[in-house]
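Residue numbers (the numbering used here), protein chains in the order written: chain A, 1 to 96; chain B, 97 to 307.
Rather than coming from a laboratory, the hints here were simulated on the basis of the structure. Among the hints, a few may not be true.
[To be verified] Label pairs and their calculated CB-CB ranges: (1) B:V284 <-> A:R70: 32 to 38 Å; (2) A:E22 <-> B:R244: 53 to 59 Å; (3) A:Q80 <-> B:N241: 50 to 56 Å; (4) A:G56 <-> B:R244: 45 to 51 Å; (5) A:N39 <-> B:F269: 31 to 37 Å; (6) A:G56 <-> B:I215: 46 to 52 Å; (7) A:A43 <-> B:E240: 29 to 35 Å.
Since the model is a prediction, treat every value here as computed from it, not as a measurement. In this text, a Cβ means the ideal position worked out from N, Cα and C, and glycines have one as well.
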Amino acid sequence: MAITYRTHMSIIGDILSTARDEVPDESGASITYLIRKANISYARLSKILDTLVSQGLLEQSNSDRACKYRISNRGREFLQAYRGFREFADSFGLRI
Amino acid sequence: MEFVLESALNLLGFVVGLVLGIFAYIGFKNTGSPTLFRLSISFFSISIGFGVVGFGFLIESLVLGYAKLDTWIQTLGLGIQTIGYFFIAFSHGIKSFFPKSRYFKSIAMPLFIIPGNSIEHIIRSISFILLVYGTIETILSYMENRKRSTIFVAAGLGLLALGEFLGWYSIVFPKSVLYFISVSTKIVGLGALFVPISQVPLRGARFGNNI
Numbered sequence: 001m002a003i004t005y006r007t008h009m010s011i012i013g014d015i016l017s018t019a020r021d022e023v024p025d026e027s028g029a030s031i032t033y034l035i036r037k038a039n040i041s042y043a044r045l046s047k048i049l050d051t052l053v054s055q056g057l058l059e060q061s062n063s064d065r066a067c068k069y070r071i072s073n074r075g076r077e078f079l080q081a082y083r084g085f086r087e088f089a090d091s092f093g094l095r096i
Numbered sequence: 097m098e099f100v101l102e103s104a105l106n107l108l109g110f111v112v113g114l115v116l117g118i119f120a121y122i123g124f125k126n127t128g129s130p131t132l133f134r135l136s137i138s139f140f141s142i143s144i145g146f147g148v149v150g151f152g153f154l155i156e157s158l159v160l161g162y163a164k165l166d167t168w169i170q171t172l173g174l175g176i177q178t179i180g181y182f183f184i185a186f187s188h189g190i191k192s193f194f195p196k197s198r199y200f201k202s203i204a205m206p207l208f209i210i211p212g213n214s215i216e217h218i219i220r221s222i223s224f225i226l227l228v229y230g231t232i233e234t235i236l237s238y239m240e241n242r243k244r245s246t247i248f249v250a251a252g253l254g255l256l257a258l259g260e261f262l263g264w265y266s267i268v269f270p271k272s273v274l275y276f277i278s279v280s281t282k283i284v285g286l287g288a289l290f291v292p293i294s295q296v297p298l299r300g301a302r303f304g305n306n307i
């Protein structure tokens with residue numbers, strides 16, 4: 001069976017989906033939780049989280065001396081658009 | 097009258113390709129995805145290719161009043177379309193232009209050898225091979241994801257390939273109806289590529305390219 005690698009965009013989609021649908025509590029998801037759910041290394045996740053926060057797709061909050069992340073309204077819009085265009089690319093047998 | 101019909105068909109292809117390109121470009125602007133960027137280049141190239149032939153024929157026949165149309169316009173338009181087909185094939189991760197299979201070479205090589213005296217027909221044969229490759233890859237994707245829209249895309253690429261083949265084959269019957277059938281088939285093929293667009297959200301926030 002062939003191994004299918006995720007693209008950078010699909011990893012972002014997974015992170016945003018986790019932050020939207022699978023947050024353990026109201027304050028958001030911790031880095032450890034995202035690492036586990038999005039199946040990605042700490043180093044790579046940190047870079048992506050910085051980008052997503054700077055782009056306004058995730059909101060960062062500090063609680064109990066730990067950074068937590070929640071999806072923003074802009075992030076929800078992005079996720080919706082991403083899923084639509086992923087379907088479009090899927091139809092061509094491609095991955096975005 | 098013949099020129100007008102040829103121009104109209106090509107201009108229709110120009111519009112269809114342009115709309116597809118705009119959809120793919122909206123996707124690229126929203127997500128920054130390189131795949132959607134390649135698809136937008138592809139559809140814009142196909143559109144421009146049709147446009148060059150359509151507008152070229154119109155200008156030459158109606159404005160300049162030429163009795164005989166320049167073949168270089170057709171060649172230029174087909175060349176630009178081929179760039180578009182290349183990007184569709186490239187997006188599927190084309191590794192090498194020809195597989196090493198001797199059997200495949202025996203089928204593919206004549207497409208290059210027979211029309212060797214004409215740039216236009218060489219370009220058509222390249223387009224045909226790229227489109228067949230894209231069709232096969234899309235059919236394989238359909239067998240994995242079983243999405244109905246994927247089979248429409250495969251049919252669309254297949255019809256584009258058939259259109260190119262008929263256009264190439266019109267070298268045998270240059271003044272026949274084959275050319276019209278070729279352009280019409282290609283336009284129906286482009287139309288089939290519209291199906292996935294129904295799933296694309298047209299409204300939404302714009303995001304940066306740094307994601």
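How the hints compare with the structure:
| no. | hint | verdict |
| --- | --- | --- |
| 1 | B:V284 <-> A:R70: 32 to 38 Å | 48 Å, violated |
| 2 | A:E22 <-> B:R244: 53 to 59 Å | 29 Å, violated |
| 3 | A:Q80 <-> B:N241: 50 to 56 Å | 20 Å, violated |
| 4 | A:G56 <-> B:R244: 45 to 51 Å | 36 Å, violated |
| 5 | A:N39 <-> B:F269: 31 to 37 Å | 58 Å, violated |
| 6 | A:G56 <-> B:I215: 46 to 52 Å | 51 Å, holds |
| 7 | A:A43 <-> B:E240: 29 to 35 Å | 32 Å, holds |
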